[in-house]
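Chemist: For reference, the chains in residue letters:
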Amino acid sequence: MMRLPTDKLQAIVDRLPTTRDEDWKYTDLSRAREITSRWLDAGGATVAAEIAEDIARITASIDADWFVIANGELRLPDEIPNVTAARVNAAPTAENALAELNTALLLDGLRVRIDGTPAKPVGILLIDGAADAATSQSYVDVEFAAHSSGELIEYHVSLGATDHYANGVVRIAVGDNASARHVRIQDRDLNHVQTGITHVSVGRDAKFSSAGFDLGGGLVRNDILIDIANPGADISFDGLYLAGDGQHIDNHTRVDHRVGPAISRQEYRGILNGKCRCVWNGKAIVHEGADGTDADQANHNLLLSEKAEIDAKPELEIYTDDVKCSHGTTVGQLDETSLFYLRTRGLDQGHATRVLMHAFAAGLVSRIPVEAAKATVGELVEARLAVLINTDEDFS
Amino acid sequence: MLDIKNLQSRIGGTEILRGLSLHVDAGEIHAIMGPNGSGKSTLAQVVAGHQDHEVTGGSVTFKGVDLLELEPEERAREGIFLGFQYPVEIPGVNNAYLLKAALNARRKHQGLDEIDAFEFLKLAKEKMAMLGMDPKFLNRGVNEGFSGGEKKRNEILQMAILEPELAILDETDSGLDIDALKAVAEGVNSLRDPDRAIILVTHYQRLLDYIEPDFVHVLSAGRIIKSGDKSLAFELEEKGYDWVREAANG
Ligand SMILES: Nc1ncnc2c1ncn2[C@@H]1O[C@H](COP(=O)(O)OP(=O)(O)OP(=O)(O)O)[C@@H](O)[C@H]1O
Ligand SMILES: [Mg+2]
Chain Z
1 MMRLPTDKLQ AIVDRLPTTR DEDWKYTDLS RAREITSRWL DAGGATVAAE IAEDIARITA
61 SIDADWFVIA NGELRLPDEI PNVTAARVNA APTAENALAE LNTALLLDGL RVRIDGTPAK
121 PVGILLIDGA ADAATSQSYV DVEFAAHSSG ELIEYHVSLG ATDHYANGVV RIAVGDNASA
181 RHVRIQDRDL NHVQTGITHV SVGRDAKFSS AGFDLGGGLV RNDILIDIAN PGADISFDGL
241 YLAGDGQHID NHTRVDHRVG PAISRQEYRG ILNGKCRCVW NGKAIVHEGA DGTDADQANH
301 NLLLSEKAEI DAKPELEIYT DDVKCSHGTT VGQLDETSLF YLRTRGLDQG HATRVLMHAF
361 AAGLVSRIPV EAAKATVGEL VEARLAVLIN TDEDFS
Chain X
1 MLDIKNLQSR IGGTEILRGL SLHVDAGEIH AIMGPNGSGK STLAQVVAGH QDHEVTGGSV
61 TFKGVDLLEL EPEERAREGI FLGFQYPVEI PGVNNAYLLK AALNARRKHQ GLDEIDAFEF
121 LKLAKEKMAM LGMDPKFLNR GVNEGFSGGE KKRNEILQMA ILEPELAILD ETDSGLDIDA
181 LKAVAEGVNS LRDPDRAIIL VTHYQRLLDY IEPDFVHVLS AGRIIKSGDK SLAFELEEKG
241 YDWVREAANG
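Chains as they are written, first to last, in my numbering: chain Z, 1 to 396; chain X, 1 to 250.
Because the hints were derived from the structure by calculation, they are not lab data. Every value quoted in this text rests on a predicted model; they were computed, and no experiment measured them. There are no misleading hints in this set.
Listed below are the simulated BS3-like cross-link pairs for lysine-lysine, each with C-alpha atoms no more than 30 Å apart in a straight line:
#, chain 1, residue 1, chain 2, residue 2
1, Z, LYS374, X, LYS122
2, Z, LYS374, X, LYS100
3, Z, LYS120, X, LYS136
4, Z, LYS8, Z, LYS25
5, X, LYS182, X, LYS136
6, X, LYS122, X, LYS108
7, X, LYS136, Z, LYS374
8, Z, LYS307, Z, LYS25
9, X, LYS125, Z, LYS374
10, X, LYS151, Z, LYS374
11, X, LYS226, X, LYS5
DEER-style ranges, computed between Cβ atoms:
#, chain 1, residue 1, chain 2, residue 2, range
12, Z, GLN333, X, SER231, 44 to 50 Å
13, Z, GLY350, X, GLU212, 40 to 46 Å
14, Z, ALA375, X, LYS125, 22 to 28 Å
15, Z, GLN333, X, ASN6, 31 to 37 Å
Built from N, CA and C at the ideal position, the CB exists for glycine as well.
Taking the hints into account, I'd like the entire structure generated from these sequences.
Modeler: Following this line, the structure appears as structure tokens:
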């Protein structure tokens, strides 16, 4: 596919959302624009850094059948039973400037279809490591066929001291009576920018369980859009963000309940320390006629520093009567009763506090929907937490 | 060992303990009974150091040390154990981790080395066997999803491993089936020692069939209004609390 001329690309970059857009009020993409413009000015070619060892290390850390997208280029693995994969070159029509940018600059898209019950999770490693400032795109389209039961891991990593901006689109379609379990790990370097949008659609009586872990990244924006257009869907998703100095992590979620009955649950948790800002915006729309909807959203934050900021906003829009909706957000402190309990067991205040922070994060690790990823995610979370709260203790 | 004199406390502006005195010597088992809301858990929590309770008068000394000056963890390391009426669930913290951390905090205070992983596992399994607990509970989150009875057994497990000098068990017998009650009693009795003391807060005389107390006290409206031996528990079972209250007021 021919790439658009640079001025046309630059025009898309200029249309990327700004803080004047309601949905982007707290998240300023200036850095993404700046990196992309700089990269386009320099010719828009990416010179890969030496990342083969990192790829080997990461794919060995979780037992999965791995696809690797390195600096936007896809490597297809050998055949995997029950998994059909293909390179796709054009992403479907763009709906906003981020998606347009994705379509315009995409090198390789990946389409995967899961039938039956594959032996291992499908892993997709999206890794960026470039010699100079660069921008990369990814497009991943995963279909869980009707009656299938499968697992998907997205692992986003970027390495190196040069500036990087990664922009991704993921589509997940869960067929009738299928069960899809999904984990997203984001462990980018702190000087890197990521925007990503995940579209999820579910069939009749389909089940989708997901958990996202944002451990790194300087500026990160995740959008997850879940569309329930068939009855019987059972959806749950968790998110954990661990933010320290210089990080900005924004999670926007939107669940459209178009028909009922259906269940959707989400729980996001964050630990923030140092000068950083996180955003959680959870929107649930129960459309007219979506009777029997059960929607629950929760967002809990621990702020360990006065310089840390959180903007938490649940948004429920309900246009029908027969619904059960709840939401809760907390910003604050650790549970006093739990602290007292630990202290009566002889743990000093500092130790008890660290244990509870560990527990706060580990609670989401322990119910991770993809068992094969649990140990590695647990280690990554512990390592990040150790830096964040300044301890080297082993809580296992 | 424990000397409480004229203790008064408040919480949220309400006076709860109103001049409570209690003396416990090493080797003794005391049972504290009393109506709901009379202040039994408050007493236990004040002794353990819960900061929500404001001590407005009186004194508490433990082995001659002014307890009220100590943080909850310091009291624990000195050898005080509180078995909670409502044990707290802490998902994400391994039961084994907490047991080991608690034991090591106490050992460090005693000038001992940390216990090694092998010795700890041996000790934990031995105590669990005594209490009829499946070793699988070691790898579960602290009280996470435990049934009411399992939580109480878990409190006793912590106690058995920590070997406190003073254990205060707040309604550890409530909600237990007969087997669990026997297991808990066994755990408590195994700790019985001339150097240790135990305070049992209970509503049921039944527990005292398994753990023979030296003293029974009636706590009412923040004060101990009557003390006696085991026969007092039978009398209470038969006649209720009004009888003691009337006698105390009259
Ligand atoms: N935070 C609080 N604010 C106000 N009053 C409180 C608070 N906590 C406890 N109380 C009151 O203190 C009183 C004593 O409570 P406590 O839990 O000590 O009773 P108890 O004797 O253990 O009762 P039970 O047998 O039901 O366990 C009760 O009336 C209770 O409502
Ligand atoms: Mg009580």
